[in-house]
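If you want the building blocks of each chain, they are given just below.
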Amino acid sequence: MKVEVEDLLGLIARALEVRRERVTPETRSADLAEWDSLGHLRICLAVTERYGTEISLEQIGELDSVTALFAFLRRSA
Amino acid sequence: MRSEPLWYAGRIPYTNRMYRVLAERTEQLLDAYLNRAKKVLVLDLDDTLWGGILGEEGWENIALSEESVGKCYRDFQKLVKSQKRLGILLAINSKNNRADVEAAFARNPMMVLALDDFAAVRINWQDKTENLRELSLELDLGLDTFVAIDDSAVERERMRQTLPEVTIPDFPPRPELLRSWFLKEVVYRHFPKYQLTREDSAKTEQYRAQTARRDLRAVVDFDAFLRNLEIDLKYHVDSAATIERASQLSQKTNQFNVTTKRYSPADITHFVESPDHHVVLLEYADRFGQEGLVGLAILDLKASELDTFLLSCRVIGRGVETQFLSKVEELLAARGCSHMCAWFIPTPRNDVAADMFERHGFEFLIAREDGSRVYRKNL
Chain Z
108 MKVEVEDLLG LIARALEVRR ERVTPETRSA DLAEWDSLGH LRICLAVTER YGTEISLEQI
168 GELDSVTALF AFLRRSA
Chain F
453 MRSEPLWYAG RIPYTNRMYR VLAERTEQLL DAYLNRAKKV LVLDLDDTLW GGILGEEGWE
513 NIALSEESVG KCYRDFQKLV KSQKRLGILL AINSKNNRAD VEAAFARNPM MVLALDDFAA
573 VRINWQDKTE NLRELSLELD LGLDTFVAID DSAVERERMR QTLPEVTIPD FPPRPELLRS
633 WFLKEVVYRH FPKYQLTRED SAKTEQYRAQ TARRDLRAVV DFDAFLRNLE IDLKYHVDSA
693 ATIERASQLS QKTNQFNVTT KRYSPADITH FVESPDHHVV LLEYADRFGQ EGLVGLAILD
753 LKASELDTFL LSCRVIGRGV ETQFLSKVEE LLAARGCSHM CAWFIPTPRN DVAADMFERH
813 GFEFLIARED GSRVYRKNL
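Listed in order, the protein sequences are those of chains Z and F.
Under the numbering used here, the first residue of the first sequence carries the number 108, and numbering increases by one thereafter.
Under the numbering used here, the first residue of the second sequence carries the number 453, and numbering increases by one thereafter.
Keep in mind the hints are simulated off the structure, nothing from the lab.
Just so you know, these numbers come straight off a predicted model, no measurement behind them.
Glycine residues also receive a C-beta, built at the ideal position from the N, C-alpha and C atoms.
Among the clues, some could well be false.
What the hints assert, rightly or not - Where chain F lies over chain Z, by a calculated footprint (3+ residues, C-beta under 8 Å): (1) 145 to 152; (2) 161 to 169.
To be verified - Pulled from the structure, derived: some chain Z residues nowhere near chain F, Cβ distances all over 10 Å: (3) Val125; (4) Thr134; (5) Ser183.
All chains should be modelled from the sequences, with the hints used to inform the complete structure.
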């Protein structure tokens with residue numbers, strides 16, 4: 108499945124329950140108070156469901172920015 | 453459905469899709485627990501319980517078999533029959549000749565359902581919405597407890613517009629979908645079951661006995677009618693075995709219910725265990741059959757107050773409340789109460805119980821702003 112940046116940004120905003128404009132391609136977890144450890148798991152749950160790719164335990168820790176998530180989805184798509 | 457990485461990362465055992473399924477099932481169970489479930493399943497016949505038009509094709513030629521299209525309808529009938537066993541009341545609303553339908557049920561060997569499985573039947577050529585109104589009167593149940601199944605979009609639309617209280621699900625486009633559609637869109641959604649009580653399974657027989665009782669009433673005067681019924685009442689006080697049913701009665705009874713307070717099984721357990729309360733269940737039988745546990749009274753012994761007093765609509769109009777109330781008075785007196793206070797809280801549906809206390813020698817004390825009235829009687 109082809110991954111669109113816009114699509115991923117929307118998914119992250121919904122998972123964190125923040126306004127869409129607050130998530131940009133440059134956003135890292137450290138930039139958003141809502142992107143805490145629980146928020147991060149919600150993003151991983153949503154990504155797993157939306158793109159049908161399972162994220163390994165090791166990767167869960169590493170995918171802490173939009174760039175990293177996008178690169179991961181590109182690789183696994 | 454399971455997600456191992458997320459389990460180790462954050463003790464999250466399932467994927468989001470699983471949580472959605474769990475949420476949906478939980479909601480259905482809650483609906484059942486709070487008794488928001490419907491009570492009556494009204495069925496059309498042609499192209500619903502069997503394939504084809506009975507009046508045109510004859511009872512030998514309708515599609516109902518163990519193969520192909522006929523099996524879709526036969527399997528559907530089996531599911532409907534299982535709902536009846538779970539306490540759902542079945543009814544027929546069909547434009548057909550009564551004699552044709554009787555022949556089909558009696559003679560087609562592939563028929564799963566029998567005419568006797570239906571608590572009430574309307575087979576005629578009048579408007580189906582009129583039939584629904586009559587079914588509601590005959591069964592003594594509100595139209596908001598009805599789910600009507602009909603394959604005709606025109607009939608569905610007409611019923612929806614005229615009787616918005618009735619739930620009318622869309623019908624599947626092809627017979628092979630009947631089974632899965634019925635389970636998903638009708639059973640799980642409108643007839644969820646939390647726990648089955650014995651009264652549920654015997655319901656159709658009770659409603660049929662009701663009709664027999666009514667026929668008797670028509671020919672004799674009221675007192676003679678009551679004597680003729682040979683009513684036999686039993687009482688269960690603070691019995692753990694009746695908690696489930698007590699809660700169910702408090703949740704479901706809308707008409708003969710003086711305070712319409714809703715209680716969960718946990719609430720009832722609390723009253724049963726409390727030394728300051730009595731929970732009294734009324735068990736009814738007469739010469740036409742058993743009705744089971746059909747009345748509930750909850751007494752606050754400390755306040756000398758009648759917290760709850762209700763009768764299932766199945767036994768309204770037989771003077772049962774008079775005897776039940778005497779039992780309540782007896783229990784209060786036994787605990788040294790010199791008087792009893794009682795409330796009538798009016799709702800859009802409990803008018804039938806409005807004069808209950810005046811009729812039984814209570815003194816009217818005050819009416820409050822919300823319309824509720826307080827009564828008192830010396831014991």
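For each hint, the structure was consulted:
{"no.": "1", "hint": "145 to 152", "in the structure": "holds (count 4)"}
{"no.": "2", "hint": "161 to 169", "in the structure": "holds (count 7)"}
{"no.": "3", "hint": "Val125", "in the structure": "holds, 18 Å"}
{"no.": "4", "hint": "Thr134", "in the structure": "holds, 21 Å"}
{"no.": "5", "hint": "Ser183", "in the structure": "holds, 13 Å"}
In this structure, every one of the numbered hints holds.
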